[in-house]
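**Q** Given next are the chains, with one letter for each unit.
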Amino acid sequence: MTAMLSIEGLKVIYHGFSALKGVSFDVEPGESFGLVGESGSGKTTILRAIAGLAPIASGTIAVNGKRLGARRDKAFYRRVQMVFQDPYGSLHPRQTVDRLLQEPLAIHGLGQGEQRIQQALDEVGLGSGFRFRYSHQLSGGQRQRVAIARALILEPTILLLDEPTSALDASVQAEVLNLLEEIRGRRKLTYLMVSHDLAIITHMCERLMVMQSGEAVENLDVSQLAAHQVTRSYTRNLLKASAGFDRRTRLRP
Amino acid sequence: MTSLLEVDDLRVTFPTRTGVIEAVRGVSFALGAPPQAVVSAKKLAFDGIDLLTAPATERRALRGKRIAMILQDAKYSLDPVMTIGRQIVETLRTHEKNVNKAEATERAIAMLEAVQIRDPKRVFDLHPHEVSGGMGQRAMIAMMLIAGPELMIADEPTSALDVTVQLEVLSILDKLVSERGMGLIFISHDLRLVSSFCDRVIVMYAGKVMEQLKASELVSAQHPYTQGLLDCMPKIGADRHPLPVLSRKPEWAA
Ligand SMILES: Nc1ncnc2c1ncn2[C@@H]1O[C@H](COP(=O)(O)OP(=O)(O)OP(=O)(O)O)[C@@H](O)[C@H]1O
Ligand SMILES: [Mg+2]
Numbered sequence: 011m012t013a014m015l016s017i018e019g020l021k022v023i024y025h026g027f028s029a030l031k032g033v034s035f036d037v038e039p040g041e042s043f044g045l046v047g048e049s050g051s052g053k054t055t056i057l058r059a060i061a062g063l064a065p066i067a068s069g070t071i072a073v074n075g076k077r078l079g080a081r082r083d084k085a086f087y088r089r090v091q092m093v094f095q096d097p098y099g100s101l102h103p104r105q106t107v108d109r110l111l112q113e114p115l116a117i118h119g120l121g122q123g124e125q126r127i128q129q130a131l132d133e134v135g136l137g138s139g140f141r142f143r144y145s146h147q148l149s150g151g152q153r154q155r156v157a158i159a160r161a162l163i164l165e166p167t168i169l170l171l172d173e174p175t176s177a178l179d180a181s182v183q184a185e186v187l188n189l190l191e192e193i194r195g196r197r198k199l200t201y202l203m204v205s206h207d208l209a210i211i212t213h214m215c216e217r218l219m220v221m222q223s224g225e226a227v228e229n230l231d232v233s234q235l236a237a238h239q240v241t242r243s244y245t246r247n248l249l250k251a252s253a254g255f256d257r258r259t260r261l262r263p
Numbered sequence: 151m152t153s154l155l156e157v158d159d160l161r162v163t164f165p166t167r168t169g170v171i172e173a174v175r176g177v178s179f180a181l182g183a184p185p186q187a188v189v190s191a192k193k194l195a196f197d198g199i200d201l202l203t204a205p206a207t208e209r210r211a212l213r214g215k216r217i218a219m220i221l222q223d224a225k226y227s228l229d230p231v232m233t234i235g236r237q238i239v240e241t242l243r244t245h246e247k248n249v250n251k252a253e254a255t256e257r258a259i260a261m262l263e264a265v266q267i268r269d270p271k272r273v274f275d276l277h278p279h280e281v282s283g284g285m286g287q288r289a290m291i292a293m294m295l296i297a298g299p300e301l302m303i304a305d306e307p308t309s310a311l312d313v314t315v316q317l318e319v320l321s322i323l324d325k326l327v328s329e330r331g332m333g334l335i336f337i338s339h340d341l342r343l344v345s346s347f348c349d350r351v352i353v354m355y356a357g358k359v360m361e362q363l364k365a366s367e368l369v370s371a372q373h374p375y376t377q378g379l380l381d382c383m384p385k386i387g388a389d390r391h392p393l394p395v396l397s398r399k400p401e402w403a404a
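Residue numbers (the working numbering), protein chains in the order written: chain A, 11 to 263; chain B, 151 to 404.
If you're looking for bench data, these hints aren't it; they were derived computationally from the structure.
Bear in mind that the values here come from a model prediction, so they are computed numbers and not experimental data.
Certain hints may be false.
Derived pair list, reagent style DSBU-like, types lysine-lysine, alpha-carbon separation capped at 30 Å [unchecked claim]:
#1 A:Lys-250 to B:Lys-325
#2 B:Lys-247 to B:Lys-325
#3 A:Lys-198 to B:Lys-385
#4 A:Lys-31 to B:Lys-271
#5 A:Lys-21 to B:Lys-271
#6 B:Lys-385 to A:Lys-250
#7 B:Lys-215 to B:Lys-325
#8 B:Lys-364 to A:Lys-250
Sequences and hints are given; from them, build the entire structure.
**A** Listed below in structure tokens is the structure:
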């Protein structure tokens, strides 16, 4: 089977600083693949590199067997969409939901805008009442739904999700996670998802890669992670830290 | 005896074009020595200073120096056109006028190191858009801690951090609370963290306090809202698809 997304020896360098030092992994069609790891380890950079938003120094990225060139064309963005880490920064606050959803349609010259916008809003559980609201008038959860609707409106096959629920409270998070799962099942999407919450990754993904300082620490099936069958001490620390704060065993004295 | 912070019947409303939004509707609590202070009058007071009537200059003097706030969207709260290092240095020098530039730089780098930034010297010279989500959050924490506040209000201060760094940042805050007596209001969605890190918790819904309890007792909370929140979190190894969602009761918002 051809991988839906194949990353081989990916290196990203920002002004002499190596943010990714040669990372490789494959994501199968319809799979949900998790990226976890240290803050600053390069998780977002992987998504940005795929989306053509980071300076790739070497390595290859292939979508459905087709190697990507230096520039991403329009067809690429119809297949691959990204939902960013911060719902505050990713949507222009002074634009209405309608404008935000029109924009990708206009860029890609897609017709039936009316119908597509309605459908996208329905799909993410926002009634038409939200259509003419400004994004700054929305709650974090609503904003994240708009961001998802905007990514879905182009009917992509791959969704790159960067901490899609880290700004949401537990109840809204559950709704957004359920929504993402349901859409993935219905549309047979492939997900590459970043989260620092191991519970979210085990809930949403089949496999994951643990990262530290621009490198892969290990690749695991989520069942291995859940059973604490990990080989590296960094992953073990992540699991331990996931249990919560413990005053007696401060990590640093 | 007074508390460090007293809040009684606080109300916050935002007039908007579509009507008035009542974001906070009558919230009361007290913080700091003595731990269980009782509030009697309708007030909002810090260390005995009535914040509702204090002149703007007095309130400004409190902000940053004695009361510090870590905002939720750290990267957008930082000045986008100034390097992280310069912002921390400037914060320090507005609060401690006699610190020279070299010393301020040294202290800023030490503070970045204290919040577990791996290469503090590099990050010192970066602009906010050049750092990761978690690095921006820690830069903001470093900037707030450098003035040595007595009260810290932290809105989701660690939501963008990986779990190990998160615990390291929390132990810095914990140390300031237990050793320096800093008051901390920790606003968070992360019930796992709240129950293990805080002393007391106020659970809020639609601008109102649903219940107030000891953090260690959060898992056995009585209010259906709190119980619902606890239940809808994904858990490692649990196989619940879809996750249970909260059915919000109109009476909670009444
Ligand atoms: N535009 C940029 N210029 C310079 N350095 C950058 C830039 N963008 C990212 N970096 C650096 O690349 C590294 C990886 O950043 P990245 O955003 O991928 O981390 P991350 O794993 O997503 O972290 P987090 O969990 O904190 O979001 C960081 O050290 C960061 O400072
Ligand atoms: Mg990131």
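**Q** Hint by hint, note whether the structure agrees.
**A** Hint by hint, here is what the structure shows:
1. Proximity of A:Lys-250 to B:Lys-325 is assessed by CA-CA distance (about 21 Å); at most 30 Å being required, the pair is judged to hold.
2. Note on B:Lys-247 and B:Lys-325: the hinted pairing holds, with a Cα-Cα distance of about 26 Å set against a maximum of 30 Å.
3. Proximity of A:Lys-198 to B:Lys-385 is assessed by CA-CA distance (about 25 Å); at most 30 Å being required, the pair is judged to hold.
4. Taking the CA atoms of A:Lys-31 and B:Lys-271, the gap is about 21 Å. The hint holds against a cut of 30 Å.
5. The suggested pairing of A:Lys-21 with B:Lys-271 holds, with an alpha-carbon distance near 23 Å, which does not exceed 30 Å.
6. For the proposed pair B:Lys-385 and A:Lys-250, the alpha carbon gap of about 14 Å is at most 30 Å, so the pair holds.
7. Taking the CA atoms of B:Lys-215 and B:Lys-325, the gap is about 19 Å. The hint holds against a cut of 30 Å.
8. The straight-line distance between the Cα atoms of B:Lys-364 and A:Lys-250 is roughly 24 Å, inside the 30 Å bound, and the hint therefore holds.
Going through the hint list in order, the structure satisfies each hint without exception.
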